[in-house]
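> Given only the sequences and the hints, what does the whole structure look like? Please build it.
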Amino acid sequence: MLVLEYKVKGKKAQYAAIDDAIRTTQFIRNKAIRYWMDADKELKVDKFALNKYSTQLRKEFMSVAELNSMAVQSAAERGWFAISRFYDNCKSKNSGKKGYPRFQKDCRSTEYKTSGWKLHPTKRRITFTDKKGIGELRLLGKWNIQAYDTKDIKRIRLIRRADGYYAQFCIGIVLSDIQPKIGAEIGLDVGIESFYSDSNGHHEKAAFGGKLPPKTCRPNPKFLRKAETSIKQSQRRIYKKVKGSLGRRKARKVYAKKHLRVSRQRIEHAKRIARCVVKSNDLVAYEDLRVSNMVKNHCLAKSISDASWYLFRQWLEYFAVKFDKLAVAVPPHYTSQKCSSCGVIVKKSLSTRTHNCSCGRSLHRDVNAAINILNLARQGRDGQSRTNAVGVGISTLVGASLLEQILT
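Each residue of the sequence shown is one higher than the one before, counting from 7 in our numbering.
No lab work stands behind these hints: they were computed from the structure. Just so you know, not all the hints are guaranteed correct.
[Said to hold, decoys possible] DSS-like mimics (lysine-lysine), calculated; alpha carbons at most 27 Å apart, straight line:
{"hint": "1", "residue 1": "Lys249", "residue 2": "Lys111"}
{"hint": "2", "residue 1": "Lys119", "residue 2": "Lys129"}
{"hint": "3", "residue 1": "Lys148", "residue 2": "Lys129"}
{"hint": "4", "residue 1": "Lys17", "residue 2": "Lys111"}
{"hint": "5", "residue 1": "Lys119", "residue 2": "Lys18"}
{"hint": "6", "residue 1": "Lys111", "residue 2": "Lys259"}
{"hint": "7", "residue 1": "Lys47", "residue 2": "Lys103"}
{"hint": "8", "residue 1": "Lys137", "residue 2": "Lys157"}
{"hint": "9", "residue 1": "Lys111", "residue 2": "Lys256"}
{"hint": "10", "residue 1": "Lys50", "residue 2": "Lys104"}
{"hint": "11", "residue 1": "Lys104", "residue 2": "Lys47"}
{"hint": "12", "residue 1": "Lys259", "residue 2": "Lys13"}
[Said to hold, decoys possible] DEER-style ranges, computed between Cβ atoms:
{"hint": "13", "residue 1": "Asp294", "residue 2": "Lys247", "range": "43 to 51 Å"}
{"hint": "14", "residue 1": "Lys13", "residue 2": "His339", "range": "41 to 49 Å"}
{"hint": "15", "residue 1": "Lys308", "residue 2": "Cys282", "range": "23 to 31 Å"}
All C-beta atoms in this analysis are idealised placements derived from N, C-alpha and C, irrespective of residue type, glycine included.
Written out as structure tokens, the structure reads:
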């Protein structure tokens, strides 16, 4: 699947109509979850039952009837996605919270399937034909959607963000760019000091731009840390305004834009680095980290989140599938403690940055871990005891709900 995103331009009345469609989508999803909660134990509520219930909602509520019928089904499927995820977590018997479905309070998108919209022949404008009154919107972006047939567009998603409204086109094509094999293999150990350290002894850092020489480097790019002062100032301005006033809404918008900028910086940085790593290696090995557990350490939670390790892993897996390369996730146990030369466990604290072994091996602890990660990946590949990571076949990483609905 390929997802192309455009910014849409329209009038205030059209933006208000998009907001109304988003509120209706939230209403349908919450009603579907309430229907599941209130259903008798003997009555089986599944995806098809919720779709049937969404048809009933169209008869009861005028606002739901104004939304396209397939968009109503898509909203009900969002409710089923939350329910099915809860069931899967319960069946897995993993410790911790199982993700019991909750009512959504701030929905920011609505999805249309194959009806309810019509593209202009130039494919630079789109018209929504349901009774919400969205009408014709201009598409602003550099993507070449003209190269794809309209029949290949499976879904269109309207998204509200802090800096405007966007349209995502889900195109049902197989995306591949097979690269020639070069015989190179690499192990990656992500960290806070450096973005990652590899098995070749390289530490990926953020290069200075502009006047300084290219070899001059700074530590891991901490986008949130750099913008933290500005974000806190904009957050304080919110509470200085009267609750519910226009000034407070404007202050909230400024605050949201700053966070959106940090999010985009993380995505672009992770995408650029992952593409280079996968394109220049046939095998990429990395740790199968449980970031959600690691951020429970309050001393390191902000730094770990700012490093965006899981986002980097997602792009590694995506480009591995696109370029027909191999991305392998290995268990992280003792990768930093075990000597990459003789295999002896050398205990060291987190503050100890150099690995020194009795066998004479001395190198940076992250490089030692990266070598161990690569060795584990090679063992798993030769013995076929591990499964390869599978990427997501899209060009833009989007929300899980859209992915699940595309794949089903």
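> If a hint holds in the structure, say so; if it does not, say that too.
Hints versus structure:
1. Restraint check for Lys249 and Lys111: satisfied, since their Cα atoms lie roughly 18 Å apart, inside the 27 Å limit.
2. A hinted pair counts as satisfied when its Cα atoms are at most 27 Å apart, and Lys119 with Lys129 qualifies at roughly 17 Å.
3. For the given pair, Lys148 sits about 12 Å from Lys129 by alpha-carbon distance, which is consistent with the 27 Å threshold.
4. The straight-line distance between the Cα atoms of Lys17 and Lys111 is roughly 26 Å, inside the 27 Å bound, and the hint therefore holds.
5. As the CA atoms of Lys119 and Lys18 are separated by approximately 25 Å, the hinted pair is consistent with the 27 Å bound.
6. Among the hinted pairs, Lys111 with Lys259 is consistent with the structure: their alpha-carbon atoms are about 18 Å apart, no more than 27 Å.
7. As the CA atoms of Lys47 and Lys103 are separated by approximately 22 Å, the hinted pair is consistent with the 27 Å bound.
8. This hinted pair checks out: Lys137 and Lys157 have alpha carbons roughly 23 Å apart, not beyond 27 Å.
9. At roughly 20 Å between alpha-carbon atoms, Lys111 and Lys256 fall within 27 Å of each other, so this suggested pair holds.
10. At roughly 20 Å between alpha-carbon atoms, Lys50 and Lys104 fall within 27 Å of each other, so this suggested pair holds.
11. Proposed proximity of Lys104 and Lys47 is supported: the alpha carbons are some 20 Å apart, at most 27 Å.
12. Restraint check: the Cα-Cα separation between Lys259 and Lys13 comes to about 17 Å, which is no more than 27 Å; the hinted pair holds.
13. At roughly 45 Å, the beta carbons of Asp294 and Lys247 sit within the given window of 43 to 51 Å.
14. Judged by the Cβ atoms, the range 41 to 49 Å given for Lys13 and His339 holds: they are separated by roughly 45 Å.
15. For Lys308 and Cys282, the Cβ-Cβ distance of about 27 Å falls inside the hinted range of 23 to 31 Å, so the restraint holds.
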